[in-house]
Amino acid sequence: MLENILIFWFKFKMNPFSILGLIIVCVVVLITIFVPFITPFPEHAGKVVDFSNMNQPPNNINYFGTDTLGRDVFSRTMFAYRTSFFLSLVVLLIAVPVGIFFGLLGGYFTGLFENILMRIVDVFLSLPALVLAMVIIGLTEHSMTYIMAAISLLWWPWYSRLVYSITKSIKNEDYIAAAKICGASNFHILFFEILPNCLPSILTKITTDLAFVIMIIAALGFVGLGVQPPIPDLGRMTADGMDLVFDSYWLSLFPGLAILFLVVGFNLLGDGLREAFDLDLR
Amino acid sequence: MKLFKFIISRIFSSSITLFGLSILIFCMARLIPGDPARMALGDRASLEQVEAMREKLLLNEPIFIQYFSYLKGVFRGDLGYSIFTKKPVTQNIYDFLPATLELLLFAGFFMIVIGVPLGAIAAKNNGKLSDFIIRFFAIFNIVTPAFVIGILLMILFSHNLGWLPIAGRISDPIFPPVRITGLYTLDSLIMLDFKNFIDSLKHILLPSIALSLAGLSQAIRLTRANMLDTLKAPYTEMANAFAFSDKTILFKYALKPALIPTITIIGLDFSAMLGNAFLVEMVFDWPGIAKYGVHSIMNADLNAIVGVVLIIGLMFLVVNILIDILIALINPKVRLG
Amino acid sequence: MNSLLSIESLELSFELYKRNLKVLNEINLKLFKGEKIAVVGESGSGKSVMLRIILGILHDKNALIRGKVFFDSIDLRIQKESYMKNHIRGREISMIFQDPMASLNPVFTIRDQITNVIKLKNKNLKKNEIEDIAFEQLKKVSISDIGRVLDSYPFQLSGGMAQRILIIMALMNNPKIVLADEPSTALDVTLQKQALNLMNELTNEIQSAVLLVTHNLGVVREFAERVYVIYRGTIVEEGLIDDIFNNPQHPYTIALLEAVPRLTGNGLPKFDPNPPDYEKIKKFSHPSLSKYYEKYS
Chain A
1 MLENILIFWF KFKMNPFSIL GLIIVCVVVL ITIFVPFITP FPEHAGKVVD
51 FSNMNQPPNN INYFGTDTLG RDVFSRTMFA YRTSFFLSLV VLLIAVPVGI
101 FFGLLGGYFT GLFENILMRI VDVFLSLPAL VLAMVIIGLT EHSMTYIMAA
151 ISLLWWPWYS RLVYSITKSI KNEDYIAAAK ICGASNFHIL FFEILPNCLP
201 SILTKITTDL AFVIMIIAAL GFVGLGVQPP IPDLGRMTAD GMDLVFDSYW
251 LSLFPGLAIL FLVVGFNLLG DGLREAFDLD LR
Chain B
1 MKLFKFIISR IFSSSITLFG LSILIFCMAR LIPGDPARMA LGDRASLEQV
51 EAMREKLLLN EPIFIQYFSY LKGVFRGDLG YSIFTKKPVT QNIYDFLPAT
101 LELLLFAGFF MIVIGVPLGA IAAKNNGKLS DFIIRFFAIF NIVTPAFVIG
151 ILLMILFSHN LGWLPIAGRI SDPIFPPVRI TGLYTLDSLI MLDFKNFIDS
201 LKHILLPSIA LSLAGLSQAI RLTRANMLDT LKAPYTEMAN AFAFSDKTIL
251 FKYALKPALI PTITIIGLDF SAMLGNAFLV EMVFDWPGIA KYGVHSIMNA
301 DLNAIVGVVL IIGLMFLVVN ILIDILIALI NPKVRLG
Chain C
1 MNSLLSIESL ELSFELYKRN LKVLNEINLK LFKGEKIAVV GESGSGKSVM
51 LRIILGILHD KNALIRGKVF FDSIDLRIQK ESYMKNHIRG REISMIFQDP
101 MASLNPVFTI RDQITNVIKL KNKNLKKNEI EDIAFEQLKK VSISDIGRVL
151 DSYPFQLSGG MAQRILIIMA LMNNPKIVLA DEPSTALDVT LQKQALNLMN
201 ELTNEIQSAV LLVTHNLGVV REFAERVYVI YRGTIVEEGL IDDIFNNPQH
251 PYTIALLEAV PRLTGNGLPK FDPNPPDYEK IKKFSHPSLS KYYEKYS
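Residue numbers (the numbering used here), protein chains in the order written: chain A, 1 to 282; chain B, 1 to 337; chain C, 1 to 297.
Chain A extracted, bound-state conformation (with noise of 0.2 Å):
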């Protein structure tokens, strides 16, 4: 188990990209630890107002400039990868277990379920996800609720696709109808020895997941559609400095970069992971 694990870590290693996005996952999620205490105006993420310093060019106290409202952009870029971050994990803490159950149920039982099951699953993959996201969110509140509980129902069947895919493809090989022969329950066979098949290209997809969730979440706050003010929101930051794009770029230009930065980072994450699982070793 150790060696398997060295292996993967030596694979893993031999692209520098790879290695690159682990180290800006790992910053990433320091600073939302972190946040209270690496930022200088912690409270500024909040209902504060300072007209005094209104929209000040980055400085040597404002990293990164202040916004109409005198508030601190980097202060509030900080938490507003915290708030990001939070939303996320939280989607994809529901959507991937409920994805794979109806994936791996979809996928083993033939029949109506599957027929149905799919269709389901086909609809909800025929939009864009982000389009579905507005239309969904746009009709109800978006509010933090809303917004998790309408991502995480547009999610999980992209999880059931995959697994549906891949138990479609495995059920009928020797190791399987070996396993049913020994007298393996329907439970074991799905659950474990289909599904940690499965696993590699989930936890690869994940790590984009957890990339593309937020960058859904900033599009959303774009359009106006994110969480409420006064929380602090990548996408809402960078959709109110549009208007004043050419004489205050720091108030896009920053929360703009930060959701790239972030992005990138489990692209290239993601990336390595795929390759580590696929590489053969010679």
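Everything labelled a hint here was simulated from the structure, so no lab data went into it.
Please note that a few of the clues may not be correct.
[What the hints assert, rightly or not] Here are the computed distance ranges between Cβ atoms for each label pair: (1) A:F113 - B:K333: 24 to 32 Å; (2) B:V74 - A:L20: 30 to 38 Å; (3) B:S9 - A:T110: 49 to 57 Å; (4) A:L20 - B:S69: 51 to 59 Å; (5) B:K56 - A:F277: 57 to 65 Å.
Since the structure is predicted, the reported quantities are computational estimates derived from the model, not experimental observations.
Using N, Cα and C, we set each Cβ at its ideal position, and we do this for glycine too.
Could you slot chains B and C onto chain A? The hints should help.
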């Protein structure tokens, strides 16, 4: 023949999906809190006027009657009336769809014409400097926020450098070209109106680059990864052993089988690109169907919302079918097996 | 001696995770014009990779190669890639690969792939000229319904047919040497015999030498005049076919021959549970070889 049957069955299952989607969205749109009739008429309208409007919009009928009435309308080409623009939704779609199509076409073009060859070159030069440089530019993935890229591009090229216009589809003093396809660049080219063409091109450049970046990076990485596999395959080894005439034959030989898994995934990525179109249109004030969609959502313009969703769903399904056909063309096993 | 091919002190090692793997150890081998020799050994003995070094198509980044490979007095190891591409591969020296289904590109027709080989001789042939050559060549390997076969994709052909296509592709341009990497291993016994007979016939026609690499002693018996026995990257015995089979000297060769199942029964051979390090036991060269080599001086 097999290909034909294949297409028919795909169209059939896609139609069912579209159906399911329409039911889902329609019900969601009708079930929101708030009164659509009141929203249409405004706060000043009297109760009788609101009630009359409710009757007119069939809002008091059971939901499936509303749905069937809507469905009948769809087959007649009538998608309802947009409260916000005060025009039929179909008219709005007719006006705005070409802009989005043009954007998607340009973005898709960049993605494939730049992405795939770069990926192939990176695979060929695996481990060398060119490989690393190409991979460095492809660190963006399908989830790259296109709107951030758009803003960055806008700041750099429009503001700081002043090379390209900031927003919109065409500069104010110039009239849009005569509508043949609705694509400004194509129409102006057909009419040989070069001033118009250049101007349209300048306007579409930044938004389409912003939109294509995610897919472009993905295309590079997928092509590269899949070609690394095919370059190691036994048939490529044999081609090497026979020193097949040109390097280009090796590129055909190793690239074609690699395209199969690449195109499959790029098809899925198209969905993300459609989603990103919404953001890019907002950033660049591009008068496309996505911007129309966002405004409809913000204004709870129900018919418009349903209409836009259906169109987007339709576009996505059509692209999927096209991709399946493309794969069938490249992969003989699908065609003949 | 005027050998067509002469491998001298060839060594190959790979740099791997945690260690350096030595695959070929001071290989010395000769091949004369028109000769048919076999290199026989078990899987992993390094025989297949040796063929790739001869053609210069071993592109592993971690590979360290030392030694010389003389073809007609030219050391192929130090030639430029363009020389190898324009003169050697597919022309002077060609190769028949192990798995015919895997060695043909799945998304191109047989016609496309054969055309590439035909064009090696003459880039400017017209379509109908190419078609004629293709027909002519495929007839030589007794393929019927040639038109249909040319239109097909590899997955539509049987293994035997694919193997014959591979053979004719390798022989089409009259190579001086044909390298055969476990040919027909992927086929059943009857097809195997057919393929070997075909190879024999066609190579005799054009007087090519054949270097056949295999783990199958039956194939060696059928096909080769002279044999090298290889174990773990080291040649342990060399001799004429009859000497090897009737009078094996090296313990590994003896063990190898014992391992062949016999129709007469007698159960499983008794193997030493702690076999000696075969590659450390001195190589044995049968004395009859020197008389044999005189033919070629």
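Of the hints stated earlier, which fail here? 2 and 3
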